[in-house]
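**Q** Sequence:
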Amino acid sequence: MKQSLFEQRHQAAWLRFDKRLAFLEKGKKLEGSSDDFAADYRRLCQQLALA
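Numbering (the working numbering), first residue to last: 1 to 51.
For the record, the hints were derived by calculation from the structure and aren't laboratory data. Mixed in with the good hints, there may be bad ones.
Said to hold, decoys possible - Straight line, CA to CA, 25 Å or less: simulated SDA-like cross-link-like pairs of lysine to any residue:
hint: 1; residue 1: Lys19; residue 2: Phe37
hint: 2; residue 1: Lys28; residue 2: Arg16
hint: 3; residue 1: Lys2; residue 2: Asp18
hint: 4; residue 1: Lys19; residue 2: Glu31
All chains, please: the whole structure from these sequences, using the hints.
**A** Structure follows, in structure tokens:
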């Protein structure tokens, strides 16, 4: 898979994760459960391993 297609396919999830992470860094409570955050983190790590 080409890099541009890979980035396009996953960009929305990365931006959503970045927003949630910014909330945590500011000490704000996450929307959704911590299980969702953990699952999103694992998914992001898998994607980075492929990249």
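**Q** Each hint needs a verdict: does it hold in this structure or not?
**A** To see whether the hints hold, each was checked on the structure:
1. Lys19 / Phe37: Status holds; Cα separation ~11 Å.
2. Lys28 / Arg16: Holds, at about 15 Å.
3. Lys2 / Asp18: Given that 25 Å is the threshold and the Cα spacing comes to 23 Å, the pair holds.
4. Lys19 / Glu31: 11 Å, holds
Consistency with the previously given hints is maintained throughout, with no hint failing.
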